[in-house]
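All chains, please: the whole structure from these sequences, using the hints.
Listed below are the residues making up each chain.
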Amino acid sequence: MWQTLSLFAPELLLAFFASQLLTYGAFAKKDVSVGARYFAVALLVAFALIGFVMGKPTGEAFKGLLIVDDYSYYVKAIIGLSAAAALLLSKSYFQSEKLDRFEFSVLTLYAVLGMSIMASANNLLSMYIGIEMQSLALYVLAAFNRDSLRASEAGLKYFVLGALSSGLLLYGASMIYGFTGSLDFATIAASIKEQGPTTGIVAGMVFLLCGLGFKISAAPFHMWTPDVYEGAPTPVTGFFAVAPKLAAIALIGRILIGPLGEITSQWQQVIIVMSVLSMFVGAIGALVQSNIKRLMAYSSIANMGYALVPLAAGTVAGIKGMLIFMTIYVITVIGVFAVILQMRIRNGMVEQISDLSGLSKTNRPLAIVMTILMFSLMGIPPLLGFFGKLFAFLPAFEAGLIPLAILALIASVISAFYYLRVIKVMWMDEAENEFVTAPRAVRVILLISALIVFPVLLLPFFAIPAQSLISQAALALF
Amino acid sequence: MLVAISFYLLAFVAIAAAFMVVAARNPVHSVMWLILTFFSAAGLFILMGAEFLALLLVMVYVGAVAVLFLFVVMMLDVDFVELKQGFLSYLPIGGLVAIILLVEMILVGATYFTGANAKTVVDRSDESNIEAFGRVLYTDYAGVFEAAGFVLLVAMIGAIVLTLRDREGVRKQNAMDQMARTREDGVELVDIEPGQGVG
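As they're listed, the protein sequences go chains A and B.
Per our numbering, residue 1 is the first one in the first sequence, and the count goes up by one each step.
Per our numbering, residue 1001 is the first one in the second sequence, and the count goes up by one each step.
Fair warning: there could be bad hints in the mix.
[Unchecked claim] So the derived label-pair ranges between C-beta atoms look like this:
1) 288/A x 1094/B: 39 to 47 Å
2) 417/A x 1089/B: 51 to 59 Å
3) 290/A x 1109/B: 53 to 61 Å
4) 1096/B x 200/A: 54 to 62 Å
Quick caveat, the hints were computed from the structure, so don't treat them as lab data.
Where a beta carbon is used, it is the ideal one built from N, C-alpha and C, also for glycine.
As structure tokens, then:
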């Protein structure tokens, strides 16, 4: 009993206090959105760290429905911290747009609860419940600005396509259930080992990966991404770009290594196709974008393609590379969205790339930080983004997937163009308008993100413990 | 004997009612026939010993889906007479789809009865369906059962967030105020002289 509860502590903490917050907000006489946000941020930090404080007890909870290991602890920590950062970033935006309501914090908490279940899913049922809990909350968050036509369209589009992908996922899951006779990951793995890759299992696996590919917006399931990213409120877009992606790709990693571990040669093809398509759709699609949120949408599609490269290797180094790449991606993207949220002129928010023109003259610190982040996304050597790509592409080389790694390098070069274009607009073009000063919380998060990305300052203190943490997490799957 | 009679009765009613769903002129009658079809199908499930599915069918389809249909049919001003014009011209393509569906169902049934490789996972012939479901739902799957509750809660919050509007100046009923009201607050007795009026 107590053992199960201690394993389940992060989720329990989140579910209990999120419900408390909901009840309090519903019955409070006045607007409690500001307090709710700080409470939610504190709760998310506690959620991220409680496992480490309790000494990381590992095992299976709820009769094997959930598995708790180093992998799930690491993923939950990054999800919790990035969600907390996204919530903090959202404060000034929602207040100035007069959208602030306490439900935003509550829905974010429930979305994180769903992601947390996804991170430790050990059964097709808990996997599906986690995905649905996360997705339902995200659909609502996308349409949170309900008076805006674009936000409503984004929410509806996301909902309809999300429902379709859930259908694909369930279809695949039901086929795997039918042909292996179990929902439990370990039993599925044993059954697949016994009977080999039969047609039914392979078909189920393909459908399952299609449904999950939608959640990480891997091509050819990426169509919703640009519209949803553009239409949703900017802080929500920032949240979409980090936490759900990490949760879904962590789940893919667990499924590929766990239940499907015996048929590596089968899923490898699917992952390679999704990876190559995503990299090129992301790289080429972003070339013609003029809206920075759409640009970030294509950038996230491309980055998911890179994150699938190490997964295709299916080795310990591959999982480790994926986790390192995703961690660095999350940190960088939070920084980029902290910049986008500062793009405010006197009349309101702007989101065209051309609005950044002449930033080096009007706001030089912001321009420098944005340049660092863009170089990091490109993967220029002294910055952290380079190490992300290094650790992501190396396992593919080692596993003999040399064409895949070379294609990834080519896509990186193509995508460098549009990151460079942002830099060029900031440094070479004439200034048009000046941004108003951003609130302190946004600037602090931006500074943290930039400092981490600029590794000369912090790398020695962080790299070694983080490396060992990620190695442990990756080993936990095998 | 009784089982056979019940089966043929329910099966006949199901088919006849399903036919009437398509044939009825009044859309509200169509929905009523649909409900009858669901009930007959639920009866067939009970005959097969699947009482859980039968209850589910009644609760979900009759209780929720059909009532929803009824609301939609009654609230939307759809001209069904116009909609049904040219009904017969769809017969060839509709008939083709129906035949394909029939062949597929026969194939599925045939493979099932000839023993394909799909596995029966749970065999609990000693207890009823509902008992078996309850046994695993509240023990082995208690975790996801609770989590599913949270999923529904999220859906509820979402619906409220997206639709509820607190408008200014709306008069709301306040039960406490109503109960605290006394006769002295609410009633004023005026003595009116005959022929004078209230003034």
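Verification of the supplied hints:
Checked against the hint of 39 to 47 Å, the C-beta distance between residue 288/A and residue 1094/B comes to roughly 45 Å, which is consistent with it. Checked against the hint of 51 to 59 Å, the C-beta distance between residue 417/A and residue 1089/B comes to roughly 55 Å, which is consistent with it. For the hinted restraint 53 to 61 Å between residue 290/A and residue 1109/B, the CB-CB distance of approximately 57 Å keeps it satisfied. Taken as a hint, the range 54 to 62 Å is violated for the pair residue 1096/B and residue 200/A, whose Cβ atoms sit roughly 29 Å apart.
When held up to the earlier numbered hints, the structure conflicts with hint 4 and nothing else.
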